[in-house]
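Chemist: Model the placement of chain R on the given structure of chain P, informed by the hints.
Number of protein chains: 2
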Amino acid sequence: MINDDAQTRPLFNKIALIGVGLIGGSFALSLKKARAVEHVVGLDRHSTSLKAALQLGIIDSFTDDMASAIADADLIVIATPVAQTTKILSSIYPYLQSNTIVTDVGSTKADVVLAARTSLQEKVSQFIPAHPIAGREKNGPEAAIDDLYVGKKVVITLLAENADQSIELVAQAWRLCGAIIHHLSPKEHDQVFASVSHLPHLLAYALVDDIAAKPHADRLFQYAASGFRDFTRIAGSSPEMWRDISLANRTAILEELDSYSAKLQQLRASLEASDSVALEAIYSRAQTARVNWITAIEAAESQNKDGGD
Amino acid sequence: MINDDAQTRPLFNKIALIGVGLIGGSFALSLKKARAVEHVVGLDRHSTSLKAALQLGIIDSFTDDMASAIADADLIVIATPVAQTTKILSSIYPYLQSNTIVTDVGSTKADVVLAARTSLQEKVSQFIPAHPIAGREKNGPEAAIDDLYVGKKVVITLLAENADQSIELVAQAWRLCGAIIHHLSPKEHDQVFASVSHLPHLLAYALVDDIAAKPHADRLFQYAASGFRDFTRIAGSSPEMWRDISLANRTAILEELDSYSAKLQQLRASLEASDSVALEAIYSRAQTARVNWITAIEAAESQNKDGGD
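Chains P and R, in that order, are what the protein sequence lines are.
No gaps in the numbering here: position 19 of the first sequence is 19 in the UniProt record's numbering, and each next residue is one more.
No gaps in the numbering here: position 67 of the second sequence is 67 in the UniProt record's numbering, and each next residue is one more.
Excised from the complex, chain P in its bound form (with noise of 0.2 Å):
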């Protein structure tokens, strides 16, 4: 499956991408750029996605009989929102060749593995379960791009049936999209989006919809400016992408939702109580941990960067 002639031949003969947005679209196209795969046939939902995907060679054909899509391919890929998962785990589960790899794209894991254990049954050690760090404000496959991935982490969360070389493939292919891998156990991994990427979606969303409905929302925001653009950015995220996502994280993201909860209401019990030192206290600790944070980040980056070059 791994070809050693990587010279004059790609990694992947075959690709069946299952969803064709941003994600997905954007994978392909890296691929494509690092010349890494011969064809990849598209299968989604909305026809007129497949159609965008081919005149943007995001695909080379696309099909709606998931035997055909799949019965030659190297790597299966789904990039659906993740409430679809289980549905097409079982449509491929007939078809799977012992050959092929399958791997997802999902923001939640823990539900995703468990939907591979129920519908890929014995083939479940064919199944990588990742997640590529990376999003735009923009769907669909004319928001996907060649370089989403450069400089990214991809978070792997291995069954204990993977055997090592499906594994490498699948992080090979991410290498190639020019991403970073890192390991969590899915639990781990849920944890973590929860509070750093979910929430903030909540966040984000619950605000812009609170200001939407007051009386005097466009006198609100007719003068909303960079900073609420900045912080609502995430809420012109797809609805049914991040519906689909607090579901399957429901348990970690309302632990995450209480505990900011707390946090908020010791913030105004100090701004009733005209706390000054209290307030100060709170935005201090945030400041610093932000500038940290960020400083870290942006050194982490330019030295990802270097490397690639």
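Among the hints, erroneous ones may be present.
Same chains, same label: a pair holds when it works inside one copy or across any pair of copies.
[Claimed, not checked] Straight-line Cα separation of at most 25 Å, BS3-like style, residue types lysine-lysine; simulated pairs:
1. K32 / K263
2. K87 / K187
3. K33 / K187
4. K187 / K123
5. K214 / K187
6. K138 / K33
7. K33 / K152
8. K153 / K33
9. K214 / K32
10. K87 / K153
11. K153 / K214
Worth flagging that the hints you see were computed from the coordinates, not collected in a lab.
The model shown is predicted, which means the values in this text are computed figures rather than measured ones.
Modeler: Just chain R, lined up with the frame of chain P:
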């Protein structure tokens, strides 16, 4: 005070700039770029800031003597954290001549107007309260830039006592910086900005402080990505400045915080009940409102740019 011969003589002979950081420094640099001021004298609590501002060409001289600084000034600009406004206005009062206009850049206005009435007494008509809606993540004179206000809004919250020519002088200064003048009452102003600026700052500070306090904070920050970066950008803002804003606009912020907390609890209930329809409804309304807002903002910005060329 306003020169008719604008081609050869600048709008201002002398401006006294109290607070030479990002906001005041950018105002001075913008007016200098427009050749609208002959001499800027700086006053600041921090002598290092004054020296930096002098070196950066923000100010032409500095002093710690209020009397001499404002004696022959056309305009006095207060660009400090808002809690200092009362003290500064009181120190201005004894030396304030009838042909000098005073303005400020504070993010809250009801408290500033109250401070002006108390401190400036019969001279309050000379005070034009203003708030430029612009900022950066960085603070201090080093962060000041000469195009910070291009295409940005400046809200003037007039007093009944203000003379038309005083208002026009301040408006003209801001227009020379590239800004667009808006008018609101102090109360309207404070309610609007509690909603679209002050509350988001509190929410971002609370999230970063909540995460930083967790035992596994390092791992969490390690996986925080671009969504988190944008959401928390405003948590990099000055703790002192935001402590002052929080306290100055306490009542309006508490009201917005309670409205937001109710929305968040509604979202929490939907998530706990795994109510996918309710969740998607919140996310969809927010996404639609956010997309409509950004479309309108971008259209307005491109119009302003076209108009300025």
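Chemist: Confirm or reject each hint.
Modeler: Now the hints, each set against the structure:
1. Taking CA atoms no more than 25 Å apart as the test, K32 paired with K263 passes in neither setting, with 46 Å inside one copy and 45 Å between copies.
2. With identical chains, the CA atoms of K87 and K187 are at most 25 Å apart within one copy only, with a shortest distance of 22 Å there and 55 Å across copies.
3. Taking the shortest alpha-carbon separations for K33 and K187, neither the intra-copy value of 34 Å nor the inter-copy value of 56 Å comes in at or below 25 Å.
4. In this assembly of identical chains, the alpha carbons of K187 and K123 lie at most 25 Å apart only when taken from the same copy (22 Å versus 65 Å across copies).
5. Taking the shortest alpha-carbon separations for K214 and K187, only the inter-copy value of 17 Å comes in at or below 25 Å, while the best intra-copy value is 39 Å.
6. In this homomeric assembly, K138 and K33 come within 25 Å of each other (Cα to Cα) only inside a single copy, at 21 Å, whereas the closest approach across copies is 37 Å.
7. Taking the closest pair of Cα atoms, K33 and K152 come within 25 Å of each other only inside a single copy of the chain (17 Å); across copies the shortest separation is 41 Å, beyond that limit.
8. Taking the closest pair of Cα atoms, K153 and K33 come within 25 Å of each other only inside a single copy of the chain (19 Å); across copies the shortest separation is 44 Å, beyond that limit.
9. Neither within a single protomer nor between protomers do K214 and K32 lie at most 25 Å apart by alpha-carbon distance, with minima of 48 Å and 41 Å respectively.
10. In this assembly of identical chains, K87 and K153 lie within 25 Å of each other by CA distance neither inside one copy nor across copies; the values are 27 Å within and 51 Å between.
11. Taking CA atoms no more than 25 Å apart as the test, K153 paired with K214 passes between copies only; the shortest distance there is 22 Å, against 39 Å inside one copy.
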